[in-house]
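**Student:** Chain by chain, the residues run as shown.
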Amino acid sequence: MPMWLDLAFKIKHGLIAFEKLIAASSLMLLLALTMFQLIARNFFDTGFSHMDIVTRHLILFIIFMGAALVSEQNRHIKIDVLSHFLTPSQQEKLIRPLIFFSAIISGVFAWYSVGFWLDEWQYASANERWSVYLALIIPAGFIILSLHLFLLTITGLEQHQVKQKPLPHCSCSNFK
Amino acid sequence: MIFLVILLILIAFIGAPLFTIMGAGGLLASHSAELDPVVLIIEMYRLASQPNLIAIPLFTFAGMILASGGGTKRLIKLFNALLGWMPGGLAIVTIMSCSAFTAFTGASGVTIIALGALLYPLLEHARYRDRFCLGLLTTSGSLGLLFPPSMAILLYGIVSGVSIDELFLSGMIPGLLLLLMLSVFSFFSAEKLHIESQKFSWPRMVSALRDSIWDIMLPILILIGIFGGFVTITEVAALTAAYVLVLETVITKKIHLTRDLPHILIDTTTLVGSILIILGMAMGLTNLLIDSQLPMKLLAVVEEHVDSQLQFLLLLNLFLLIVGAMMDIFSAIVVVVPLIMPLAARYNIEPVHLGIIFLANLEIGYMTPPVGINLFIASQRFGQPILKLFRATFPFLMIMLIWLLLISYIPFLSTWWQTP
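Keeping their order, the protein sequence lines are chains A and B.
Okay, so the first sequence: first residue is 1 according to the numbering used here, each after it adds one.
Okay, so the second sequence: first residue is 177 according to the numbering used here, each after it adds one.
Hints in this document: simulated from the structure, not taken from any laboratory.
All of these numbers come straight from a predicted model, not from anything done at the bench.
In this text, a Cβ means the ideal position worked out from N, Cα and C, and glycines have one as well.
Just so you know, not all the hints are guaranteed correct.
As the list claims (entries may be wrong) - Quick list of in silico lysine-lysine cross-link-like pairs, DSBU-like style, CA-CA up to 30 angstroms: (1) K564(B) x K368(B); (2) K93(A) x K20(A); (3) K375(B) x K564(B); (4) K249(B) x K375(B); (5) K20(A) x K564(B); (6) K429(B) x K253(B); (7) K429(B) x K20(A); (8) K473(B) x K249(B); (9) K564(B) x K93(A).
Stated by the list, open to error - Example chain B residues on the side facing chain A (calculated, C-beta under 8 angstroms, incomplete): (10) A188; (11) I190; (12) G199; (13) A224; (14) L234; (15) D391; (16) V407; (17) L452; (18) G456.
Based on the sequences and whatever the hints tell you, model everything.
**Tutor:** Below, the structure is given as structure tokens:
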């Protein structure tokens, strides 16, 4: 394997580990904060508005990291009506160009979301700045998604995932 | 522009992820409207302010924990003790347990994968015909979509702006009616095949109840939470997730905190991410389409040819059945709902009734070719060709079509709870 390809694999595996860590901790944190708010509201008649803002941003963390991880498994939702009429080798030949197309679209969104974030930062009042930091997930999410898809275009799907016909959503490890 | 749209549709049909198609469509629409594409990002950010959105990952997490723990076995044991003594009992057990399970896991394919593996050998052992077993299990993969806390209903409520509590209430009778119709069919099929039922046993019933006492509390908790008005949908979702987590890690100890939980968390986020990224990307596109008066133009065309509510409902059913056969339920909700809401309002169709019709059509779409997802999952699970599975599901499909007509043309089944 050429060194640059080996490097691409290493970066991709590092990225996957990072995405998994953020995804899993965001979901646990979301559960913990929502439970905390529930107890505070029902038992102590109080609530923390800042916490609502955090939980609403956590959903974006989950969406972006989840979407990046699904790309790795080639299990994004598709309307692949025509692909069922293609032979497996034709389907396989289409995988990289389609991933590359997704990488470009995500890259374009990353570009515009950086502009969006800079605007948010510029017009936010001093006491709202902290929530603008949380909104960094939008450009960061698109950059990660785009990077993951670009790396996937280079490395291709790893063999066991190519052979496995994609299930629509479930990737439950226990049922494979 | 038309060339680019056609090209985009072609790319979608050969298998590009739907979220990128939505994104590219949004970029094209914003270019056509001479707007800065930043509007697409603003719409996506607005998604985060939807108050009920948090319920989706939390309910999904609860479903995933149940699927990975011992929930499936306990559920089958309980329903078998309760209903297994009836003629066609095991088939009815299949219908009930699959629908209860799907309500939690959101018809994501987990039902056929998890319960199919347990129920298929049981049904074969009871001497049900292979074709009946395959048809029943393939169909059962999407039953329960209308029951709380179905992810499809949550998503429909978020996209359409219809109250989620009201949607859950409206789905109860249509959902139960379908279970009843399929159970009656199973009853007569078992009679015809002379399938023997097991005898009712009190010790078995007591044992099943003892094993699943904590699971029985769960739907009670959810129903009281949603309809009692004590807590919000998001809080019910958090309570459910926390309850199930404690149940499977502390009480039944089927899930190990460090060995199993990280996998379940990641599986949940990938499932949620794959669905909600489409919603996020589509929000900008659908708003641009609405701003360009597309629904109004559609309405003008429909009004020219359709005079009555009855005609409109028939057309709607045909259209949604085609959509259901071509698209996944979650993407169909995101793409189609904003476009048909104004049309349905023009023909005086209650938004909650529209929601139930919409979801019922897509539930049927799960088992119709060319891309009925249940067919593909069942094909993979049971190692059978798609065509054989489609033939096997055909009687069930006919029953579901009759059910669809009933719930479409008798709005009272969905709106009974509304005061006149």
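**Student:** Let's test the interface hint: is any C-beta of chain A closer than 8 angstroms to that of G199(B)?
**Tutor:** Since the shortest Cβ distance to chain A is 5 angstroms, the answer is holds.
**Student:** Within a Cα-Cα threshold of 30 angstroms, do K429(B) and K253(B) meet the stated pairing?
**Tutor:** holds (18 angstroms)
**Student:** Against the 30 angstroms threshold, does the CA-CA distance of K473(B) and K249(B) hold or violate the hint?
**Tutor:** violated (52 angstroms)
**Student:** Can the restraint linking K429(B) and K20(A) be considered satisfied, given a maximum Cα separation of 30 angstroms?
**Tutor:** Measuring from Cα to Cα gives roughly 24 angstroms; hence the hint holds.
**Student:** Are the Cα atoms of K20(A) and K564(B) separated by 30 angstroms or less?
**Tutor:** violated (39 angstroms)
**Student:** Next pair to validate is K564(B) with K368(B); report whether the Cα-Cα distance is within 30 angstroms.
**Tutor:** holds (22 angstroms)
**Student:** Using 8 angstroms as the Cβ threshold, decide whether G456(B) counts as touching chain A.
**Tutor:** Status holds, d = 6 angstroms.
**Student:** Would you check whether I190(B) satisfies its interface hint, that is, whether its CB is within less than 8 angstroms of any CB in chain A?
**Tutor:** Check passed: Cβ of I190(B) comes within 5 angstroms of chain A, closer than 8 angstroms.
**Student:** Can the hint on A224(B) be confirmed by a CB-to-CB distance to chain A that is less than 8 angstroms?
**Tutor:** holds (4 angstroms)
**Student:** Does the closest beta carbon of chain A sit nearer than 8 angstroms to the beta carbon of L234(B)?
**Tutor:** The hint holds - L234(B) has a Cβ within 8 angstroms of chain A, the shortest such distance being about 6 angstroms.
**Student:** Hey, does the D391(B) contact hint survive, CB to chain A under 8 angstroms?
**Tutor:** violated (18 angstroms)
**Student:** Holds or violated: is the Cβ of V407(B) closer than 8 angstroms to a Cβ in chain A?
**Tutor:** holds (7 angstroms)
When each numbered hint is compared with the structure, violations occur for hints 3, 5, 8 and 15.
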